[in-house]
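Asker: Spelled out from the first residue to the last, the chains are:
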Amino acid sequence: MTAADTTGRIDREDARRALTAGVAPRRWGSWYVAEHRLLAMKGYVGEAVFQSFGNPLIYLFALGVGLASLVPQGVAGVSYLEFVAPALMATAAMTIAANETTYPVLMGFKWNPTFFGMNAAPLTGGQIVNGIMLAILARMIMTVTIYFGVILAFGAVPSAWGVLAIGSAVLTGMAIGLVLSSYTSTIKDDRGQMAMIQRFGIMPLFLFSGTFFPLEQLPVYLQPIGWISPLWHGAELGRVATYGLEESLWLTVTHVGYLSGIIVVGLWATRRHFVRRLNR
Amino acid sequence: MTAVRAQRGALYAGNTRAVIHRGLLATRSTNYLVVFSGFFEPVFYLLSLGIGFGALVGTVQTSTGAEVSYAAYIAPALLAVSAMNGAVYDSTWNVFFKLNYAKLYQGMLTTSLGPLDVALGEILLALLRGAMYAVGFMVVMQVLGLNLAWTALLALPAVLVIAFGFASVGMAITSYFTTFQQVEWVTFIMLPMFLFSATFYPISVYPHVIQWVIQALPLWHGVELIRGVTTGALSPMLWVHLGYFGVMIAVGIVVATRRLRALFLR
Amino acid sequence: MPESVISATALTKTYGGVAAVDSIDFEVAPGESFGLLGPNGAGKSTTMRMVGAVSTRTSGDLTILGLDPEHHGPDIRSQLGVVPQQDNLDMDLRVRDNLLVYGRYFGLPRALVAERADALLEFAQLADRAKSKVDDLSGGMKRRLTIARALINEPRILLLDEPTTGLDPQARHILWDRLFRLKEQGTTLVLTTHYMDEAEQLCDRLVVVDKGRIMAEGSPAQLIREHSSREVLEVRFGSDRNAHVAEQIVGLGERIEVLPDRLLIYSANGEADLVALTERGLHPITSLVRRSSLEDVFLRLTGRSLIE
Chain A
1 MTAADTTGRI DREDARRALT AGVAPRRWGS WYVAEHRLLA MKGYVGEAVF
51 QSFGNPLIYL FALGVGLASL VPQGVAGVSY LEFVAPALMA TAAMTIAANE
101 TTYPVLMGFK WNPTFFGMNA APLTGGQIVN GIMLAILARM IMTVTIYFGV
151 ILAFGAVPSA WGVLAIGSAV LTGMAIGLVL SSYTSTIKDD RGQMAMIQRF
201 GIMPLFLFSG TFFPLEQLPV YLQPIGWISP LWHGAELGRV ATYGLEESLW
251 LTVTHVGYLS GIIVVGLWAT RRHFVRRLNR
Chain B
1001 MTAVRAQRGA LYAGNTRAVI HRGLLATRST NYLVVFSGFF EPVFYLLSLG
1051 IGFGALVGTV QTSTGAEVSY AAYIAPALLA VSAMNGAVYD STWNVFFKLN
1101 YAKLYQGMLT TSLGPLDVAL GEILLALLRG AMYAVGFMVV MQVLGLNLAW
1151 TALLALPAVL VIAFGFASVG MAITSYFTTF QQVEWVTFIM LPMFLFSATF
1201 YPISVYPHVI QWVIQALPLW HGVELIRGVT TGALSPMLWV HLGYFGVMIA
1251 VGIVVATRRL RALFLR
Chain C
2001 MPESVISATA LTKTYGGVAA VDSIDFEVAP GESFGLLGPN GAGKSTTMRM
2051 VGAVSTRTSG DLTILGLDPE HHGPDIRSQL GVVPQQDNLD MDLRVRDNLL
2101 VYGRYFGLPR ALVAERADAL LEFAQLADRA KSKVDDLSGG MKRRLTIARA
2151 LINEPRILLL DEPTTGLDPQ ARHILWDRLF RLKEQGTTLV LTTHYMDEAE
2201 QLCDRLVVVD KGRIMAEGSP AQLIREHSSR EVLEVRFGSD RNAHVAEQIV
2251 GLGERIEVLP DRLLIYSANG EADLVALTER GLHPITSLVR RSSLEDVFLR
2301 LTGRSLIE
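Top to bottom, those sequences are chains A, B and C. Note that this note's numbering has the first sequence beginning at 1, numbered continuously upward. Note that this note's numbering has the second sequence beginning at 1001, numbered continuously upward. Note that this note's numbering has the third sequence beginning at 2001, numbered continuously upward.
Heads up, a few of these hints could be off.
[What the hints assert, rightly or not] Derived coverage of chain A by chain B (criterion: at least 3 residues anywhere in the stretch with Cβ under 8 angstroms from a Cβ of chain B; other residues may be distant): (1) 69 to 82; (2) 102 to 115.
[Said to hold, decoys possible] Result set (DSS-like, lysine-lysine): computed pairs, CA atoms no more than 27 angstroms apart in a straight line: (3) A:110 <-> C:2142; (4) A:110 <-> A:42; (5) A:110 <-> C:2133; (6) A:188 <-> A:110; (7) C:2142 <-> A:42; (8) A:42 <-> C:2133; (9) A:110 <-> C:2131; (10) C:2142 <-> C:2131; (11) C:2183 <-> A:188; (12) C:2142 <-> C:2183; (13) A:42 <-> C:2183; (14) A:188 <-> C:2211.
What the hints contain is simulated information worked out from the structure, not anything from laboratory work. All C-beta atoms, glycine included, are put in the ideal place defined by N, C-alpha and C.
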């Protein structure tokens, strides 16, 4: 039908064939991209799994055991281990997001321009973004779930609702990943922007988002970093889940709404930038 | 006699300056902001943990028995860590890229420069950057009142010794690497060393066996060395720490030079 | 005459007010091998991207298989095979995996894709490299793999943007052989090139483009007949004397072209002109009589060489 709308003739055999062949990629294109990206990740699946176990073990021993010895009284009514564990989980999701949405995005446009190859096939820019994000999501869920398992083994999850912290960590990671990809998809040349993202984006988020201590411990002028930080919202949400951090319901709703909002806007912006860059 | 000199000549042409000069020129064309930004990493850690977490902690006892504020406890450690990170980054990622992708060294070695010029040049270049960061960080420490004794001035040369040690060994190890994945492992191994080497809390929380392992690793020596001079708690152990880095430097340079010669002058 | 598979009318693409493609018209018939010949920056790649339904035209009309790329991008692209100027194989995947993944983009069943991948690796003479890393392939092999990948959906039209640029002569000939086979099988080929020998080898019909405009159109033989002489006499007198000599031999042949390093004398009989030249007491350092080529056509039409 659509062919008739725009060209006035649908009686062509080859046009009909094209419209038929276009149906599957239009519907499933995002999944094809996700499939591709996951296959490419298979190259380093060994390291990914190893690090998924190694990182929580190292951090929980260092912080939950070592640093905790300096605060025997605990924090905000729970042990220090219980306090940091959900925040570390969200941090792990953030790290994956940062790794997968910085160089790999620039790579796909520049050094190994696979995105242009995908777009030359029936896939659209929007589908390419969806697929990339689906693959990252899959990897993130795996890593965060392992993280949760380790935390559970450390006995740092008093609440039965704790498993919901997997969701809050993933929400955090995707929000940060989409903010980053909406920027990295516009980078033409690598002039150290990735190092800047790491040093002035990821690192301050990690350090000033109430990860290691309640945000209120910081001087008032540093606290706003936490309020805009998706990591703070995610960590607090995780704490609500794992040990029932007491906060007002509207604050919990704000955390979820803020992270979801960033995801929606970030996805929209990233898709827009991809389409624009692919369709020059 | 002449044969010996010729061999030494092939190894070292006394022209490290040319390598440093090229490196400085290359830095000039890169983004200054990126180079400058390296200074902020330890500062952020200090502000976050020293001020934020420190408010929960109060004072901490150092290995020499002094009671110091938490910020004063971690500041010297952060200085040592940033010396390590900078030196390791420059001598692994950077050198690996140049060895295998930019093919810079082949070009250098076909001139009159020897592998030792190249090795020393790269390392000294890394040290120069490390020294700048260290001076900046020490100013921050001074402002926050975390330099507890005049001996803190000695932290600057100490940082250079630490960076030199890590850079030499890093370069030696990198000369054996063939893929980027192997370089990534270095980063991964550095994480536990960073967290466990009495950086953020005394290692006395761990059983003796683990303490011994930590004490065998270089970062712990670096942290103790700098903490000793900034807190003014001088002890004969400082000589042991210094000696540790002396050995690292010697072994690293010898191995790196041999490897470079094996790789390029054949 | 069968309906065109590609039809462009007054097709235009501007970037920031500058026209990269400036109102061009062309048609491509099914099974035809159609070429765009022109120097770098002539607008060939931009045209190819519009035909490839990945770049929106600024104005004019364009249909591919009777469909408008503006609304039917994915549908049109399902029928195309694209070999871009810059290889964009996935370096993280192995040779065969590149084909499998790409086949999936078209929504083809896995079993079918696997079957085609093996046949195409055979066709591209890469069967023994199926498990290699893409990075380990030579430039010519990567190009062949890119062509194999472009064929995974059995495209109606194969778009090739400078398929042999940067390859050594041997690799080019292997590639030409493969493309010739596709042509024999009836695949419609659309290619851009700035190599006249490539255009002569592969194209049934071509357009000469320069600065976004079409300068001439026809088969290679037709273009040479219309825009050049049968033969060309090339003589060199040394770079400082060429221009001076040119003034002395006005009237020789049909037309004389002065290049920095040599003189080109266009004529029906090059040997006769060479004799005439020496009879005037002019003795070139080197001389060569050859048949006219598309290079000469391009020089005639634009006053510039194709490869500068």
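Asker: Decide if the proposed pair is consistent with the structure: residue 188 of chain A and residue 110 of chain A, CA atoms, cutoff 27 angstroms inclusive.
Answerer: The given pair, whose Cα atoms are some 8 angstroms apart, holds under the 27 angstroms limit.
Asker: For the pair we were handed, residue 110 of chain A and residue 2142 of chain C, check the Cα-Cα distance against 27 angstroms.
Answerer: Satisfied, since the Cα-Cα distance of roughly 18 angstroms is no more than 27 angstroms.
Asker: Decide if the proposed pair is consistent with the structure: residue 2183 of chain C and residue 188 of chain A, CA atoms, cutoff 27 angstroms inclusive.
Answerer: Given pair residue 2183 of chain C, residue 188 of chain A is violated - Cα atoms ~38 angstroms apart, limit 27 angstroms.
Asker: Would the hint linking residue 110 of chain A and residue 2133 of chain C be met if the CA-CA limit is 27 angstroms?
Answerer: holds (19 angstroms)
Asker: Within 27 angstroms, alpha carbon to alpha carbon, are residue 2142 of chain C and residue 2131 of chain C?
Answerer: holds (14 angstroms)
Asker: For the pair we were handed, residue 42 of chain A and residue 2133 of chain C, check the Cα-Cα distance against 27 angstroms.
Answerer: holds (14 angstroms)
Asker: So if I understand the rule, the pair passes when the alpha-carbon distance is 27 angstroms or less; does residue 2142 of chain C with residue 2183 of chain C pass?
Answerer: holds (21 angstroms)
Asker: Using C-beta distances, would you say chain B covers the segment 102 to 115 of chain A, given that this needs three or more residues below 8 angstroms?
Answerer: violated (count 0)
Asker: Does the segment 69 to 82 of chain A contain three or more residues whose Cβ lies closer than 8 angstroms to a Cβ of chain B?
Answerer: holds (count 4)
Asker: Assess, step by step, whether the Cα of residue 188 of chain A is no farther than 27 angstroms from the Cα of residue 2211 of chain C, and give holds or violated.
Answerer: At roughly 26 angstroms apart (the allowed maximum being 27 angstroms), residue 2211 of chain C and residue 188 of chain A satisfy the hint.
Asker: Sort out whether residue 42 of chain A lies within 27 angstroms of residue 110 of chain A, counting only the CA atoms.
Answerer: holds (22 angstroms)
Asker: Assess, step by step, whether the Cα of residue 2142 of chain C is no farther than 27 angstroms from the Cα of residue 42 of chain A, and give holds or violated.
Answerer: Holds: residue 2142 of chain C and residue 42 of chain A sit about 22 angstroms apart, inside 27 angstroms.
The structure is inconsistent with the numbered hints 2, 11, 13, although it conforms to all the rest.
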